[in-house]
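Student: Sequence:
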Amino acid sequence: MTTAMNLADVFTGVAKRFPDRKAIVSDEVVMSFSDLVALASQGARYLKDRGIGAGDRVGVALQRPEETVAAALALWMIGASAMLLDFRAKPGEKNSSAKNFSIRAIIELRGTPAEPEYESVLAKQGWRNEIAAMDSAEYEAVTAHHPAIIALTSGTTGSPQGIAVGHNTFLNRYLAHRTSSLGYSGGVFVCSLPLGYTAPQIHTLFHLMDGGTVHFLPILSSAAEVAEAFVELKARAAFIVPPQLAGMLEISSGRDTPMFPDLRALTVAGAAVPPEHSVRAHKELTPGYRVDYGSSICCPMISELSGEDVLKNPNSVGKPHVLTHIRIAGADGESLPTGENGLIMIRSPCIADEIIGEERENSDRIADGWAIPGDLGYIDGDGFLVLTGRASDLIIRNGVNVFPREIEHTLLRHPEVKEAAVIGYPSETSGEEVAAFVVSSTDTLTVEKLGVFARANISADKCPREFRLIDELPRNNNGKVEKKKLVAMFTGEAV
Numbered sequence: 001m002t003t004a005m006n007l008a009d010v011f012t013g014v015a016k017r018f019p020d021r022k023a024i025v026s027d028e029v030v031m032s033f034s035d036l037v038a039l040a041s042q043g044a045r046y047l048k049d050r051g052i053g054a055g056d057r058v059g060v061a062l063q064r065p066e067e068t069v070a071a072a073l074a075l076w077m078i079g080a081s082a083m084l085l086d087f088r089a090k091p092g093e094k095n096s097s098a099k100n101f102s103i104r105a106i107i108e109l110r111g112t113p114a115e116p117e118y119e120s121v122l123a124k125q126g127w128r129n130e131i132a133a134m135d136s137a138e139y140e141a142v143t144a145h146h147p148a149i150i151a152l153t154s155g156t157t158g159s160p161q162g163i164a165v166g167h168n169t170f171l172n173r174y175l176a177h178r179t180s181s182l183g184y185s186g187g188v189f190v191c192s193l194p195l196g197y198t199a200p201q202i203h204t205l206f207h208l209m210d211g212g213t214v215h216f217l218p219i220l221s222s223a224a225e226v227a228e229a230f231v232e233l234k235a236r237a238a239f240i241v242p243p244q245l246a247g248m249l250e251i252s253s254g255r256d257t258p259m260f261p262d263l264r265a266l267t268v269a270g271a272a273v274p275p276e277h278s279v280r281a282h283k284e285l286t287p288g289y290r291v292d293y294g295s296s297i298c299c300p301m302i303s304e305l306s307g308e309d310v311l312k313n314p315n316s317v318g319k320p321h322v323l324t325h326i327r328i329a330g331a332d333g334e335s336l337p338t339g340e341n342g343l344i345m346i347r348s349p350c351i352a353d354e355i356i357g358e359e360r361e362n363s364d365r366i367a368d369g370w371a372i373p374g375d376l377g378y379i380d381g382d383g384f385l386v387l388t389g390r391a392s393d394l395i396i397r398n399g400v401n402v403f404p405r406e407i408e409h410t411l412l413r414h415p416e417v418k419e420a421a422v423i424g425y426p427s428e429t430s431g432e433e434v435a436a437f438v439v440s441s442t443d444t445l446t447v448e449k450l451g452v453f454a455r456a457n458i459s460a461d462k463c464p465r466e467f468r469l470i471d472e473l474p475r476n477n478n479g480k481v482e483k484k485k486l487v488a489m490f491t492g493e494a495v
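The opening position of the sequence shown corresponds to residue 1 in UniProt numbering, with each subsequent residue numbered one higher.
Worth flagging that the hints you see were computed from the coordinates, not collected in a lab.
There may be inaccurate statements among the hints.
Stated by the list, open to error - Distance windows between CB atoms, simulated:
| # | residue 1 | residue 2 | range |
| --- | --- | --- | --- |
| 1 | Gly111 | His325 | 28 to 36 Å |
| 2 | Pro113 | Val452 | 31 to 39 Å |
| 3 | Thr338 | Asp9 | 38 to 46 Å |
| 4 | Thr112 | Asp382 | 52 to 60 Å |
| 5 | Glu406 | Asp49 | 27 to 35 Å |
| 6 | Asp49 | Val322 | 39 to 47 Å |
| 7 | Glu354 | Ile470 | 33 to 41 Å |
| 8 | Thr112 | Arg255 | 30 to 38 Å |
| 9 | Pro275 | Val30 | 37 to 45 Å |
| 10 | Glu472 | Gly92 | 20 to 28 Å |
| 11 | Gly381 | Glu276 | 18 to 26 Å |
| 12 | Pro160 | His325 | 26 to 34 Å |
| 13 | Tyr425 | Lys449 | 19 to 27 Å |
Computed from a predicted structure; not experimentally measured.
Glycine residues also receive a C-beta, built at the ideal position from the N, C-alpha and C atoms.
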């Protein structure tokens with residue numbers, strides 16, 4: 001892939017326009033845009049002196065967010081590809097990633113006890129201190145010929161994949177952000193999730209490219225602490241996941257005015273949101289509440305549910321983005337008419353440039369210019385996209401198609417259910433059976449209560465046979481529930 005512009009050029013451009021504006025605030029650290037570019041330039045020279053350069057894939061496993069962003073910019077400046085990793089990753093996990101995705105080096109706080117599968121660029125006292133002796137004058141970025149970012153994802157099933165996004169493609173994704181209801185210039189964006197997760201990475205970079213300030217909170221902040229930060233900082237935008245939303249709605253219950261009047265865009269993504277939560281969030285939290293449906297291989301914004309549409313059709317994920325064309329395909333690959341359920345296929349200038357690793361039959365792949373994220377759904381008569389589940393999650397019980405998402409939404413209507421995930425497991429009599437894992441918001445919920453509620457609200461051919469109460473649902477780096485692990489928990493098999 002070839003592009004004349006390097007993403008690092010965007011950040012140096014923002015720094016020249018707003019040199020003293022706050023770019024990143026984290027703990028006691030306040031970094032301006034000019035400081036950010038200076039730190040990135042030091043990193044570029046340091047890495048170049050280490051022999052790292054164009055085409056190299058380099059992991060970044062740093063704890064401090066401003067150092068993580070600066071390291072990514074440094075890698076772009078020298079033409080390398082950045083792979084932002086969870087700084088909490090175990091040595092074995094980093095070794096596995098290095099081996100599977102040909103990672104040359106990892107910038108990290110601590111090394112591994114054994115000989116690693118990669119070159120360890122240690123920054124024991126912090127990346128900023130490690131490169132402090134390098135020249136901080138602006139580094140002239142090279143022409144970009146290699147991916148800007150390679151996001152590591154296992155999806156919700158299957159072996160890990162690397163989603164390679166080039167500089168041009170990332171700029172297209174930024175354009176999608178700017179042409180959505182979210183796009184604006186300036187203001188405070190609050191991030192309470194680690195940059196090892198794909199969605200926070202993207203939103204952080206987008207808002208910095210906007211010239212906005214990203215305020216990072218401690219990653220274990222409670223919903224109440226995040227909500228307090230929204231008010232105190234007069235945040236204009238934020239990204240949260242459904243469990244955080246549920247926590248905020250517990251605080252806002254009964255309000256008749258928005259709790260966050262300054263918040264222009266409160267984006268929720270990563271997993272299904274109960275329709276009633278969306279309606280309440282629009283009324284009780286902010287009219288700027290929105291649900292984004294996206295995918296690592298397509299775009300962070302395939303469709304968006306925002307504004308009055310939240311009240312009109314909260315069961316949907318909104319209408320397709322202007323840079324996205326959606327096709328619903330049947331089993332034979334032919335397009336299906338309005339209202340018919342099938343495999344969602346995406347065409348967009350935001351589709352990833354390459355998938356590194358094993359492609360999957362019905363998900364996380366690109367075929368003939370179409371991206372297939374692996375979701376099932378339909379477009380209704382008003383143009384809203386309605387998700388019905390994952391192709392890999394579809395349960396066939398006695399010949400009847402059971403869509404987990406439908407069952408999950410019903411279970412979430414129970415007042416004591418905080419989260420729910422439905423899986424299928426092998427059965428000699430029915431082919432597959434249905435089980436539900438539930439996280440309760442109280443100490444009084446029992447499987448017997450769940451069974452009574454389910455039988456009263458779900459048809460017999462779809463009703464779960466088994467219920468399990470657990471403390472939390474396993475999630476991947478994008479906040480999506482890992483149903484493969486739930487199946488393993490139920491059957492006792494190793495993942």
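Student: Could you say whether the range 28 to 36 Å given as a hint is met by the Cβ separation of Gly111 and His325?
Tutor: violated, 47 Å
Student: Do Thr112 and Arg255 keep their Cβ atoms within the hinted range of 30 to 38 Å?
Tutor: violated, 50 Å
Student: Using the beta carbons of Gly381 and Glu276, state whether their distance is inside 18 to 26 Å or not.
Tutor: holds, 23 Å
Student: Is the hinted range of 52 to 60 Å satisfied by the C-beta distance from Thr112 to Asp382?
Tutor: At 54 Å between Cβs, range holds.
Student: So the hint says 38 to 46 Å: do the beta-carbon atoms of Thr338 and Asp9 match that?
Tutor: Hint holds: Cβ distance 43 Å, inside 38 to 46 Å.
Student: Does 20 to 28 Å hold as the CB distance between Glu472 and Gly92, or does it fail?
Tutor: holds, 23 Å
Student: Is the distance from the Cβ of Tyr425 to the Cβ of Lys449 consistent with 19 to 27 Å?
Tutor: holds, 22 Å
Student: Using the C-beta atoms of Pro160 and His325, is the stated range 26 to 34 Å upheld?
Tutor: At 29 Å between Cβs, range holds.
Student: For the range 39 to 47 Å, tell me whether the beta carbons of Asp49 and Val322 fit it or not.
Tutor: Hint holds: Cβ distance 44 Å, inside 39 to 47 Å.
Student: Starting from the hint 33 to 41 Å, judge whether the C-beta atoms of Glu354 and Ile470 obey it.
Tutor: holds, 37 Å
Student: Could one say that the CB atoms of Pro113 and Val452 fall in the range 31 to 39 Å?
Tutor: violated, 52 Å
Student: Quick check on a hinted range of 27 to 35 Å for Glu406 and Asp49, using CB atoms only.
Tutor: With Cβ atoms ~57 Å apart, the hint is violated.
Checked against the numbered hints given earlier, this structure breaks hints 1, 2, 5 and 8; the rest are met.
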